[in-house]
Amino acid sequence: MKQEDPTAYTKAPGDRLTHAAGKQLAIYALAAVALLVAVMFVLNALAGLTSSAAGMSSMAVDVENNTITSYLREEPPQMDSMRASDAVSAIVMYHVMEGLLRFDADGELVGGVAERWEQDGTNVTFWLRDNARWSNGEPVTAHDFEFAWKHLLSPSVGSQYAFILYPILNAEKANNGEVSTDEVGVEAIDDFTLQVTLETPIAYFDQMVGYVTYLPVNEEFYHQTAGRYGADADQMIYNGPFMMTSWVHGASMQLVKNPYYWDADRIKLDGINFAHMTSDSNTLLNLFKDGQIAIADLTAEMLDEAMLRNWSLNQFMEGTVFYTEFNHRPERLTSNYNLRKALSLVHDSSELVNRVIKLPGYLPGESLFPNWIQGVEGPFREEYPVPNSPPDVELAREHLALALEELGLEELPPLVFLSSETPVARIQAEYYQEVFRRDLGIELLIDAQIFRQRLQKMTDGEFDLVGAGWGPDYNDPLTFADLFASWNLNNRGRYSNPALDAQVRIAQTSLDRKERLDAFGEIQRILLEDVVIMPDYERGYVYVTDPQVRGIVRHVFGSETDFTHAWIEPGE
Amino acid sequence: MWWYTCKRLLQGLVTVWFIATATFIGMHNVPGDPLSGERATNAAIRANLEARYGLDRPVTEQYFIYMGNMLRGDFGISYTQQNREVNDIIREHFPVSATLGILAVMFAALGGILWGALTALYRNRLPDYIIMFLVILGISVPSFVFAALGQLGLVNLNSLTGVSILPVAGWGTVSHMLLPAMVLGLGTMAYMTRLMRSSMLEVMSSDYIRTARAKGLSPTRIFTRHQLRNAVLPVITVLGPAIAAITTGGFVVELVFAIPGLGRYFVQAVQQLDYTVIMGTTVFYGAFLVFMVILVDLVYGWIDPRVRLQ
Amino acid sequence: MENNPIIRRLRPADFETLTGRSSAPALVRPSRSYWQDAWGRLKANKRAIVSLFIIIGLLVFTFIGPLVWRVNPSLQDIDQISIAPGADRRAVIVEPFVAWDGISGITSSEDADLWLAEAPTTQSVRLKWRTVPGAEGYRIYRNIYEPQDEFSLGLPLITINNANLNYYEDRLDLSPQTYYYSVAEINDLGQLTGDYETVSADVQRVITVHEASQRNLVDDPSTLRPGDDVLLSWHPLGTDYLGRDMLARLMAGARVSLFIGLLAPLFFVAFGVLYGATSGFVGGRVDAMMMRFADFVVALPFLLFMILFQVVFGIGPGESGILPMLVALIILSWPATARLVRGQILQIREEAYVSAARLLGASSQYLILRHMIPNTLGVILVTLTFAVPAAIFTEAFLSFIGMGVAPPTASWGSMCNEGLKTMLTHPHELIFPAVMISITVLAFNLLGDGLRDALDAKMRSTE
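Residue numbers (our numbering), protein chains in the order written: chain A, 1 to 572; chain B, 1001 to 1310; chain C, 2001 to 2463.
Don't read these hints as lab results, they were simulated from the structure. C-beta: ideal position from N, C-alpha, C; glycine also. Warning: the hint list may mix true and false statements.
Quick list of in silico lysine-lysine cross-link-like pairs, BS3-like style, CA-CA up to 30 Å [stated by the list, open to error]:
no.	chain 1	residue 1	chain 2	residue 2
1	A	Lys341	A	Lys257
2	A	Lys358	C	Lys2421
3	A	Lys23	B	Lys1215
4	A	Lys257	A	Lys268
5	A	Lys358	A	Lys341
So, partial list: chain A residues that the calculated Cβ filter (under 8 Å) puts toward chain B [claimed, not checked]:
no.	residue
6	Leu36
7	Ala38
8	Gln78
9	Phe163
10	His223
11	Arg228
12	Gly230
13	Asp234
14	Ser246
15	His249
16	Asp280
17	Thr283
18	Asp290
19	Val376
20	Val553
Just chain A, with the same shape it has in the complex (with noise of 0.2 Å):
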């Protein structure tokens, strides 16, 4: 045996130690492995039961089966078309239903079940095609309709939307609970003639019907459901151009060409797969990257990408205005016309939009009344236009000074603004706040609130600005010309103007086109002189599609992104 060195003799038995211990440790990682891989194949199982991609091709474009994959912003909440009232239920349900009336690829009002059509002051009277069809194979008749509207307005369903079918003769009386839904103005002649009668003769009435709340429901199948009418795929009978087949909540949806649509010849694809329900907009360009989808919305942030890789990009405005909404109410300092239009003069919606939401398709606001409105031939803002009114720094200190003199103040206390806690509104408020303590010196207080929080706080009147928005419920300008209106109860700041009132009045009786719409130009006239808010944009998207895949529309009304007139062209 040899001399062995003293030092390495000490440390010998740790060494060796720690050797035997690390190839015991080698051994277990091993193990942990292999049983990490076991487990993995029993979850392999387990998910199958939740899987998001069981069925058809999760391909962006699946040339073969004529499939597109898409996807949703969120799981719809519901699909049952007598609650619902979200954006993206709707997208859902105007694919697999079909109203009396529908939206045509250029985003026009055209025959759905309904042939045609005629309004004869408080009458209006659909004839139905017969050859429509539920993918159960009956009939959709006039019936379907007089269930649907009656059901919808009675109190035990507590429909959000009901208020929408409140110009039929007694809707709202019998959503009130004050009469039986027998009475209201409903009624299914025969199988095929539904005669409806409205509580006034008003001119926008089948721009309504096109509304999503509007849509038949099969009697029987309803009853059959149990109260689950529109929770599952199975729980629900279609009427539209496509069927859902699969429904896994939060995960997918899956369509598929309806056999019975009376006019499925002008479906072109053969499956719908909403493979995805989230809102992430990195997400969504990142399966649109790797073939998933066949269309994403772009943030401003893609847009180099997007252009490096000679993307075909599209735009197109989703409809909503929003705005910034001033308190009225007497007690609030904002009531006070001078303070108003002083910070009003600061406010500047072009800088706003371009150079600080910067978000591709947003365009920025000038009116209530957005850019896509028609007015009696061309579009309503060249008929009326908003008066030109740049930013003006030093009258808007003279009207500050005044407001303070009528306040009697020596110097404003700090305004609050609620926000809601989405990025866009967050920086919209922390912008404005600059803004006016730049210019005018005030201090904005930005009460960023989520969700219910905020409504409770605008319904309170807890503000002295609010960031809102308005998305357009029909294709006519009241839906935005009553919202200041002073019984409108989402005239969140209280705003209340009899000459104001008195115009809306005369835009809901009136039947003459351009009586209607001089009444829509004053009420624009006295918003903006009166500086009853303050417009910052509309929303608009910039988005990119697979050139595999044509003819997919957006439009305002009817579903957002529409995939009933889209076809594959395959690529080379």
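Dock chains B and C against the given chain A, drawing on the hints supplied.
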């Protein structure tokens, strides 16, 4: 043992009842109206909705009705998904979160024990430094950054290789779970590595190891029977809460990877003030957590004979 | 012994008294207290000392930094949005912006169908084109690369459904670089006919006299004339999505993040340790009750109670809401530590030295403070060092879901969250806050390690 288990389960039920009560009280004191919508509802529609959800009764009465229903296993109907029962929501989405959570915790625990033991064995040597650097990285970057970076990396990898190695988002197969589970487990893995390292170091310097060494036990036996088994105890202690935390805290990962887990429903429910979903998920998670803790305690007693189950 | 011949033969004369003292040194260390000892070992640990200096540096950055770098963290420099560090700062003075009527500028061009009516600036780019007979309208595109065909025209800016309109003014997010503008013809269905014209525009950064004086860029704004060069304000670490100075925001954000990240763990770990130690030490029925209470607390929904605390604290608009967040964190986060410590105590309770101390009549308090807690210190310190990033991330997570600190208050977490959105185009907005968090976490981890080694009672015997 049986008696102890029964007793613990009984206590667990009482704890769950406390959780339910506290959440109920807390929830009803948060300002906001669960029935409000972006469109203002008129008095009649509101009254109809209130009647539908029983909100027209006094709060105490609502409490007793709710507790009664809960005992019968009925959590009511969601406020946002108006024809879906909370039971359905939990039944359909909890397995997703649990699957993801279990996988993530397995990653975290196995990785943590392995790396932790390794760093302790090779203390102040290269493997120790490398692993500890990664651990620091693992804990100093928020999970939403990891999720986004991981996904981005995957997309680039897929487009670089031309084949879809792993799906970018979605749910359905193990390949969908791998990346999210790793991202989800990363923080916990780092934590467990540190915990394991620290407790391993303590064990290595303790008397019984010296005794074991002195009496000539084989190094392998010392390592498995004495060091690892004792050092792993603190890791197991945090395992229960970690499973619960990971399963309930997967919101970010679920959102980024578009996974239909219960975490998304819970966060949305709080933001939307969806009373029934808040109650349902909280009570469910509370029960889950309490029973996980009981399970861990039982396992603990089994591993460490010094801890007697009274 | 008597039988030993040598001893028997010894006489007193054989012994000699030693004179003086032994020259061998006494093998006794100076007596040091536990804390002196710990400090000594901490000082010897280089990494711990470095981390200590980093932490001091962080505190200086947080509290002294704003006194040195006196830039308002919420001041928005609209001209320099999302500027990377070290970007070009030159700008040219121009007249104030007036919306274009489409008449002024170069009204016609001999050789082109599309031209720039005026020199392109970051204020606006003014396009003018020759109308095409037969076209139903035009769609204006902008690209940062030269378009190859009608499908790669770039970003659609606007669709003009008026065949007679022949001008457009672009103001969307212009930065000093080259753009390729295309005007494409559309038919009555709004589809491209395939005809388009492209013009390139080298955009120059400009600023008005008013803006220059607002930002104090020059001493005497009245001397500025259009065409003059000025240097925009300097942002050493660049700016964020609203043109706010990153350095100032990092300093301001440090206050929030360190406040949450240090105070919350300190309090809840301290409470958790006491709670867990008591529970584990006392044992029995009390232990069971205390642990059930911990289970109860840990199951409470954090988000809901944070909102609740905000209400209870009466957090009004404009207040950052850090305090309720801190309270919610402390009240709801301690049970994990408590469980961990209790587990350790249960182990230690059975150790021989504890029994010995007990036999010697040590009081419970002495046992807990002197034996139990020091022996669990390793685990506690690990928990503590991990609780720091966890608390910072809780705040970040709240920002992620829109429930974080109220704007415009900055925090590293919320900056990370904002930076994530612009990760690809402006990575500095994500990297800087992320690096700050990493440095903090690293420093506390190394210090935690050092402290553990220094304080751990068991470590004393091994080194």
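Interface hint status, Asp280(A) versus chain B (Cβ within 8 Å)
This interface hint holds because 6 Å falls under the 8 Å limit.
Hint status (Cβ of Ser246(A) to nearest Cβ of chain B, threshold 8 Å)
Interface hint status for Ser246(A): violated (12 Å vs cutoff 8 Å).
A closest beta-carbon separation below 8 Å is what the hint needs, so does Ala38(A) meet it against chain B?
violated (11 Å)
Cut-off 8 Å, beta-carbon criterion: hint that Asp290(A) touches chain B
Result: holds, 5 Å to nearest chain B Cβ.
Hint check, Val376(A) versus chain B [nearest Cβ-Cβ separation less than 8 Å]
violated (29 Å)
Using 8 Å as the Cβ threshold, decide whether His223(A) counts as touching chain B.
Where the cut-off is 8 Å and the nearest Cβ of chain B is about 14 Å from His223(A), the hint is violated.
At a threshold of 8 Å, is the proposed contact between Arg228(A) and chain B supported by beta-carbon distances?
Holds: closest Cβ of chain B sits about 6 Å from Arg228(A), inside 8 Å.
Please work out if Lys358(A) and Lys2421(C) have their alpha carbons no farther apart than 30 Å.
The given pair, whose Cα atoms are some 13 Å apart, holds under the 30 Å limit.
Regarding the pair Lys257(A) and Lys268(A), is the alpha-carbon distance no greater than 30 Å?
holds (9 Å)
Is the interface hint for His249(A) satisfied, with its Cβ closer than 8 Å to some Cβ of chain B?
holds (5 Å)
Can you verify the interface hint for Gln78(A): is its Cβ closer than 8 Å to any Cβ in chain B?
Gln78(A) check passes; min Cβ-Cβ to chain B is 5 Å, inside 8 Å.
Would the hint on Asp234(A) be counted as holding, given a Cβ-Cβ threshold of 8 Å to chain B?
violated (14 Å)
The structure fails hints 1, 7, 10, 13, 14, 19 and 20 (numbered hints given earlier, in ascending order).
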